[in-house]
Each structure stands twice: as C-alpha cells, then as structure tokens.
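With the sequences and hints as input, model every part of the structure.
These are the residues of each chain, in order.
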Amino acid sequence: MRTGVYFCNCGTNISDRIDFNRLREELAKLPGVAYVKPVGYLCSEDGKQFLETDIGRERPERVVIAACSPREYERAFKQVLERAGMNPYFLQMTNIREQVAWVTPDVEQATWKACAQIRGAAARARLHQPLHKTELDVCRDVVVIGAGPAGLKCALALAEAGRKVVLVEKSPVLGGLPVRYEDLFPNMECGPCLLEPVLGEAMHGTHSANIEILTMAEVTGLKGYCGNFQATLRETPRGVDAEQCMGCGECIPPCPVSVPNEFNFGLDTRHAMALPFAGALPNLPFLDAQACLRGKGEDCTLCRDACPVEDAVRFDQGPRVLERFAGAIVVAAGFSLYDCRRLPELGYGTVPGVYTSLEFERILASSGPTGGELRRPDGAAPRSVAIVHCAGSLDERHRPYCSGICCDYAFKFNHLIEKKLPGTEVHHLYRELGAPGKEEFSLCQQARHNPHARFVRYAPGGVRVTESEGGPAVEYEDSSGDRGRVRADMVVLCPAVTGAADGGKLSRLLGAPLDRFGFFEELHGRMDSAQSRIKGIYLAGACQAPMDIQRAVSQGMSAAGYVLSALADGRKLEIEPITAWVDGARCSGCRTCGEVCPYQAIDYPPEGREASVNALLCHGCGTCVAACPCGAIRGNHFTDEQILAEIQAVLA
Amino acid sequence: MIQTQTHPDAPSGAAAFEPKIVGFLCNWCSYAGADKAGAAQMSYPPNIRIVRVMCSGRVDAQFILQAYRDGADGVLILACHAGDCHYREGNYRATGRHRMLLRLLAQFGIEEDRCRFDYVSAGEAEKFVRVVSETVEAVRALGPLSRPTAPENNRCPEGCGG
Numbered sequence: 138m139r140t141g142v143y144f145c146n147c148g149t150n151i152s153d154r155i156d157f158n159r160l161r162e163e164l165a166k167l168p169g170v171a172y173v174k175p176v177g178y179l180c181s182e183d184g185k186q187f188l189e190t191d192i193g194r195e196r197p198e199r200v201v202i203a204a205c206s207p208r209e210y211e212r213a214f215k216q217v218l219e220r221a222g223m224n225p226y227f228l229q230m231t232n233i234r235e236q237v238a239w240v241t242p243d244v245e246q247a248t249w250k251a252c253a254q255i256r257g258a259a260a261r262a263r264l265h266q267p268l269h270k271t272e273l274d275v276c277r278d279v280v281v282i283g284a285g286p287a288g289l290k291c292a293l294a295l296a297e298a299g300r301k302v303v304l305v306e307k308s309p310v311l312g313g314l315p316v317r318y319e320d321l322f323p324n325m326e327c328g329p330c331l332l333e334p335v336l337g338e339a340m341h342g343t344h345s346a347n348i349e350i351l352t353m354a355e356v357t358g359l360k361g362y363c364g365n366f367q368a369t370l371r372e373t374p375r376g377v378d379a380e381q382c383m384g385c386g387e388c389i390p391p392c393p394v395s396v397p398n399e400f401n402f403g404l405d406t407r408h409a410m411a412l413p414f415a416g417a418l419p420n421l422p423f424l425d426a427q428a429c430l431r432g433k434g435e436d437c438t439l440c441r442d443a444c445p446v447e448d449a450v451r452f453d454q455g456p457r458v459l460e461r462f463a464g465a466i467v468v469a470a471g472f473s474l475y476d477c478r479r480l481p482e483l484g485y486g487t488v489p490g491v492y493t494s495l496e497f498e499r500i501l502a503s504s505g506p507t508g509g510e511l512r513r514p515d516g517a518a519p520r521s522v523a524i525v526h527c528a529g530s531l532d533e534r535h536r537p538y539c540s541g542i543c544c545d546y547a548f549k550f551n552h553l554i555e556k557k558l559p560g561t562e563v564h565h566l567y568r569e570l571g572a573p574g575k576e577e578f579s580l581c582q583q584a585r586h587n588p589h590a591r592f593v594r595y596a597p598g599g600v601r602v603t604e605s606e607g608g609p610a611v612e613y614e615d616s617s618g619d620r621g622r623v624r625a626d627m628v629v630l631c632p633a634v635t636g637a638a639d640g641g642k643l644s645r646l647l648g649a650p651l652d653r654f655g656f657f658e659e660l661h662g663r664m665d666s667a668q669s670r671i672k673g674i675y676l677a678g679a680c681q682a683p684m685d686i687q688r689a690v691s692q693g694m695s696a697a698g699y700v701l702s703a704l705a706d707g708r709k710l711e712i713e714p715i716t717a718w719v720d721g722a723r724c725s726g727c728r729t730c731g732e733v734c735p736y737q738a739i740d741y742p743p744e745g746r747e748a749s750v751n752a753l754l755c756h757g758c759g760t761c762v763a764a765c766p767c768g769a770i771r772g773n774h775f776t777d778e779q780i781l782a783e784i785q786a787v788l789a
Numbered sequence: 009m010i011q012t013q014t015h016p017d018a019p020s021g022a023a024a025f026e027p028k029i030v031g032f033l034c035n036w037c038s039y040a041g042a043d044k045a046g047a048a049q050m051s052y053p054p055n056i057r058i059v060r061v062m063c064s065g066r067v068d069a070q071f072i073l074q075a076y077r078d079g080a081d082g083v084l085i086l087a088c089h090a091g092d093c094h095y096r097e098g099n100y101r102a103t104g105r106h107r108m109l110l111r112l113l114a115q116f117g118i119e120e121d122r123c124r125f126d127y128v129s130a131g132e133a134e135k136f137v138r139v140v141s142e143t144v145e146a147v148r149a150l151g152p153l154s155r156p157t158a159p160e161n162n163r164c165p166e167g168c169g170g
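Protein chains in written order, with this note's numbering: chain A, 138 to 789; chain B, 9 to 170.
Source of the hints: derived by calculation from the structure; they are not laboratory data.
No residue lacks a Cβ here, since even glycine has one placed at the ideal position from N, Cα and C.
Any given hint could turn out to be false.
Unchecked claim - Derived Cβ-Cβ restraints for the label pairs, each shown as a range:
| id | chain 1 | residue 1 | chain 2 | residue 2 | range |
| --- | --- | --- | --- | --- | --- |
| 1 | B | ALA149 | A | PRO597 | 42 to 50 Å |
| 2 | A | PRO242 | B | PHE25 | 15 to 23 Å |
| 3 | A | PRO597 | B | PHE25 | 29 to 37 Å |
What the hints assert, rightly or not - Over the 12 Å line for every Cβ pair with chain B, so calculated as not near, a few chain A residues:
| id | residue |
| --- | --- |
| 4 | HIS341 |
| 5 | THR406 |
| 6 | ARG594 |
| 7 | GLY640 |
| 8 | VAL733 |
| 9 | GLU747 |
Here is the structure:
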C-alpha cells in the first residue's frame, strides 16, 4: 500500500518548530510510506492545487496530511482528494500545529511527538475503507403540531415557500394560549388582534391552499425517519360541518347541557355545543360528544333544530383517521403551567379567590367569564390584589429555573388593575424580579411607580395563603426574616412555566426526548434550539423552553428555515457515511445498542433478532460500537481496527 | 524507528523515565480544547499522544487495555462536560465505563492515576494543559507500568492457551 505524507510548513508556524528532515528520515522507515513531502501552505489555493496535481502524479492509495487541526481544513482536503479521483475517506489528517508545534518549545521533542502522531495517522489510514455518501429521495411536506403563534408562523412560512403543510391542532380553536389574552406585554397589544392577520393568512390567504388545517386533531402514530415520515392523525368529529356552517351560533343557547368551560379554565360553564369564546377562529361551534346528551342515550336534537342551515349540525360524523407523508415534523405543542396544587401553602383550589395567571388573563379578557370586568367570577371587584411571583419557579423542590415571562405579565397585570380599578392595592410578592428587553422595562417601571403597589421579596417558601373572613389572607416572611400579613380579595399566582400538556405522550410517540423538566430537548441549547435530538423533528415555541411570544415566533420561523434547508427543493437528502452498522452474523440480539443510542437509530426488525442501524438517524458517535458486547457493531471510519492500529503506532 | 531504553521523547542522553500517555479526546469539546491550548501557544509536556474519537462514548475498554499493552504508562480520556455532549449522553457512558474499568485495573495492579477521566470543554485550554501536566507528573511519580516481559508469563496457568 502506497501512502503519501504531506507535511504542511504552515509558513514557518510548523517548520520552525519541527525538524522536517529528521522527521522525513524517521517516517521513510515506515512500511508503505512512499514519500513525505513538505508544502508551504497546504490550505492556500496553490497548496490545494499542488496537492491535487501531486496526487494525480504519485497515485498514492492513502494520503496523510500533517498540518493544522482537522477541525479546520479536513473538509477542504477531502474535496481535493475527490477532485484528484480518490475516495475522500482515504485521507487522514493529523494535527501537528495546535497539538505539537505550538505547544512544544523544544524542537527535538516536537519532532518526535510529530513523528508519533504521523505514524498513528499512517497506520490507521492503511485500514481506511472507501466510503460513499448516499442520497435519498425525500418528501418535502411538513407536519406542524400545534397552532399557537410558533406553529402558525412556521406553517405559514413553509406554505409561502411552496410547501404543503398539515397543521394539527388538538383544540377546536387556533391561536394557542395568547389568543385568549386580551392584552400582551410589553406594549399592551391585543392578543387576538396580533394573531388574527396570521390566522387569516393561514386560513384564507394567498398560500392557504398549501395548509391543511386540522382542529380537534392529534398525531397518533409516526413511522419512518427524516425525509420520509408517515404520520397517522386522528380528528375528533366536530359535530358541525365546516362547509355548511356559517358560524351564527344559533345552535348554542338551546343546548341543555352545562359543563365547566375549559377555555376559561373552569371559571364558568359552557354548553355541550359551544364556541370556545367570542371571536374564536375558525368561527365554528363544536359539539362536545362527551358532554352531549346524545352520548348518554338521549335523542336530543335541540341544537340541530335551532340551526338555520340544513345539515350543518351533524350527529353522524365519526372520527377521521388520516395518513400523511412528510419529510419533517415541527413540534409546537406549547406549554402548561406548574400544577399549583403541588404548592398547597398557596391555597390554590382550597382558598376561594386564588387564581393562576392564566385564569386571571381570562378574568381580564372581554371574551372571558366576567366580560372583561375586573372582579371575582363569584363575587365583587377587589380592593386589593396580591400577585405571587415565582410560584414554583426558582425552587429546587419544584422548578429550579426562572420561567422568564412571569415578571413581564405580572407588571402587565399591575397596569391593567390600575387601569380598570384605579386605586386598587397591588402586592407583588417575589423571589427575584427581572424584565430584560428593550421594551419590557416600561411596564416594570410603571409598576414600580404605582403608588398603590407594594413589593415584598419573600424568603424561599415564605408565602402562605389562608382563608380569612371576607377573602384570602397572605402571610409572608420577607428576605430579611420579617413577617407580615396582607388581606387580598384576589390572589394571582404566577406558576412556573412547564412543558406541553401531554408532552410525555407526544414525546414517546415521536421518539423525540424530553429534558429533565419535561420540555422537548433541543439538539444544542444555543446553536440548535429549534432542532430536536431526532433528525427531521424540529421544535418551535414554549414546548422547548419557557419563552415569550417574540421568541416563540422567532423559533417557529427558525424551524421553518431548518426544514427548508434540510429538505431543499431539487436536492436529495445526503447521508454521511460515518455511521454505525451491524454485522448481523455476530449480533446476539441483546439490544444493548438500542439502550445507549441517543437517537433511536437502532431498529429491531420483527422478522429477525439482529439489530439494524438506520443510517439516516445515526449521528456516528460510536457509543453503540463501544457498548456492543459481541463486537457486532462497526463504526465506519472509526473501526476498532483503525483505532487500535493508531494506538499501537503512536506508542511505537 | 527509534529504539532507545528511555522514552523517545527524552532529550538525548537523559536516562530519566518519561511516561507515555495516550489521550482519547472527543472531537467536539476536548479535542477543540486542545486546539485552543495550541492557538494560545501554551506549552505542556510532550508525553501525550492524542487519538481523536468523535465521542468519548466511543472509547472502548479494549482501547485502553491495548494502549497499556502497546507501551502506554498512562491513559487519559477527555470528554465534554455533563450536559454538553454533542451526542447528548456519550460522556455519561464513558464515565460509567471508566468507573468500571478502574475496578478491573485495580485487580491487575494498575493504579488509578494511570487511567484518568476528565471533562474538558472547547474553551478550557488551561484545564486541558493542567490535566495533561498533572497526569504526566502523576504517572512519572508512579514509574513505568510494569508489564510481563515474555509472552510465556502471559499464558493462562490452567493451560487453556489464552
């Protein structure tokens, strides 16, 4: 085997610190090393041209480049090999600049160390196998799960780029949680007004033909992998024909059923035939089959009788199961709030007048249970409101992180309370305060300057809400240990932001893991937060981490960008060959590999006992290769033989 | 090939023991940390031979045993910090294997200091230099790894041929 060694002088960066002649003398003794050539700057255009021509002339079977870190130019040199007609994986680089020349002042020592590293590279290169990238046809359609701000913007961006999108929303209404907020921080924009143009564009816009919107629908199965997913979707019957219904709402009042209204977080009731709230889109009522008397064996037809359109109310619809192919999945499943019943000292669910922030949003909303009047749904307007920040956040026993959005909306509440009922006392009980951002400070300052607002920093676990005569009482211990007590007609808790409701179920279904807090785990916290751990599954919005609308929408756009570059038009999906593969004859079927694989890249086909690696999902880490007790898994380009040969040679 | 009694890195004429260390560095964090030490031109003992792997999770116990057999006096496995693994959890697998291997090595009389596992991020040039220097010094203090000189001594006393 002819191995050609190229030694980059790197100007004088390497050649000043390593004695080339001495090195060449040593390396020439190695079996298979046909030549060792110095080059001035191998990474320069001249250098690469020389390399290409020289490989053409010398026809080496393997190439070793001793130069800078392979992290810098390995890709470029691989391309040179390819241009020279060699398999690019016949290259081995070894780093004699950052890891030898620059860290070893003594020329003789540096020379020997460089010799050892090059010996290792040459020994492993002899065992390199020709590897080839493979290409795969892909489906360019996308399934987006969740129609909140993140999912909507993502779906719209993809549709505008000409992609077919299936937008799957589990509730009967689009817009996620913010569509239920009357006003948004930082500038008191109205939630529905912010979202309506986006919703309008998605439903009736120029590119809406590219978006298939499914409400009351969920993903129930996912097969396949990046580029070729097959999703099973289940749509619960709405009981109302979307084509026929004109949204007049005549069917709603006659309904005799009354159940807690989840769209107002149970603060009031709704009928079995209901519209989530005034202005909800799509403007279609839905029939809650679980609550409807027909489901209990009664032949009630009051809603249908009231409907002015024939066949708009449908009792005969069954669930629809749909199969959709997609190249990518975007998870935009939103967030939920920490269950305040796990903080019994705060009185939620036991002391009347204690609300979560989402409930309070609805009390403030004109489409909510009090029609936007600031009062308890079961009583009068408050003279005093206590806002408990950091409920469950910044608390090791619950959630150690700061939820990031609570202070901003608490200051918004402060503003709205003062606006709706001037003079109302507002007690802010907090662990930490923060309002970063170029606009957010203004509501914060307003709260600070509100003469009726009081700020108390409480000690960890230092708030207790009890029932007292005429409303809740808040006892607290502040950060300096002083105790106090305030009477409040309403207590608003700002619970920790947690992962999507049903996140665990969705995670198992998609194979995309959750982090330890229940958020969908990103590929990298800073660089790739819109990518999940699974290739082809992307993340958008607060299902990945606590975030405000701005960040959620940006992440939705970011996910759309990832999809468009991963599944670019007119291009096949390229698969790197540095992956693992299973030698079926040696596999005992113990499934150790599946347990250690972080990417669910290992399958166990039902017909055989042997494992198989899905090269598309494999990232090439080699963890399974090291874990396999039978030596049945091989890691391309990092085989046991190659690494062992390198170890032996660097020590020779 | 250099054939001397002392370590090849030893300056000519010196008879002092120079340990040979094989360092397995993960591509994303520790190898980049070593590169950073280079870019900052921080010098450290030349006794380390670096073997790049994509992930510390790829480091098989047999690589470490083979390194001792081939003449290494010490082995260093460097990984991404907890939670930073490019492949999510390969570093946890590597720590687990390392802990297990230490128990095995102890039974063969191979000291813990000859097999060090540590975390070095891409930014931790100083830590990389410190860990390498400490390992070289620790192994230097232990002296050369004693290994059977003749293959006969390696034979199984039961006569199984292994």
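Now the hints, each set against the structure:
{"no.": "1", "hint": "B:ALA149 / A:PRO597: 42 to 50 Å", "verdict": "holds (47 Å)"}
{"no.": "2", "hint": "A:PRO242 / B:PHE25: 15 to 23 Å", "verdict": "holds (21 Å)"}
{"no.": "3", "hint": "A:PRO597 / B:PHE25: 29 to 37 Å", "verdict": "violated (55 Å)"}
{"no.": "4", "hint": "HIS341", "verdict": "holds (42 Å)"}
{"no.": "5", "hint": "THR406", "verdict": "holds (46 Å)"}
{"no.": "6", "hint": "ARG594", "verdict": "holds (30 Å)"}
{"no.": "7", "hint": "GLY640", "verdict": "holds (18 Å)"}
{"no.": "8", "hint": "VAL733", "verdict": "violated (6 Å)"}
{"no.": "9", "hint": "GLU747", "verdict": "holds (20 Å)"}
Hint compliance for this structure: hints 3, 8 are not met, and every other hint is.
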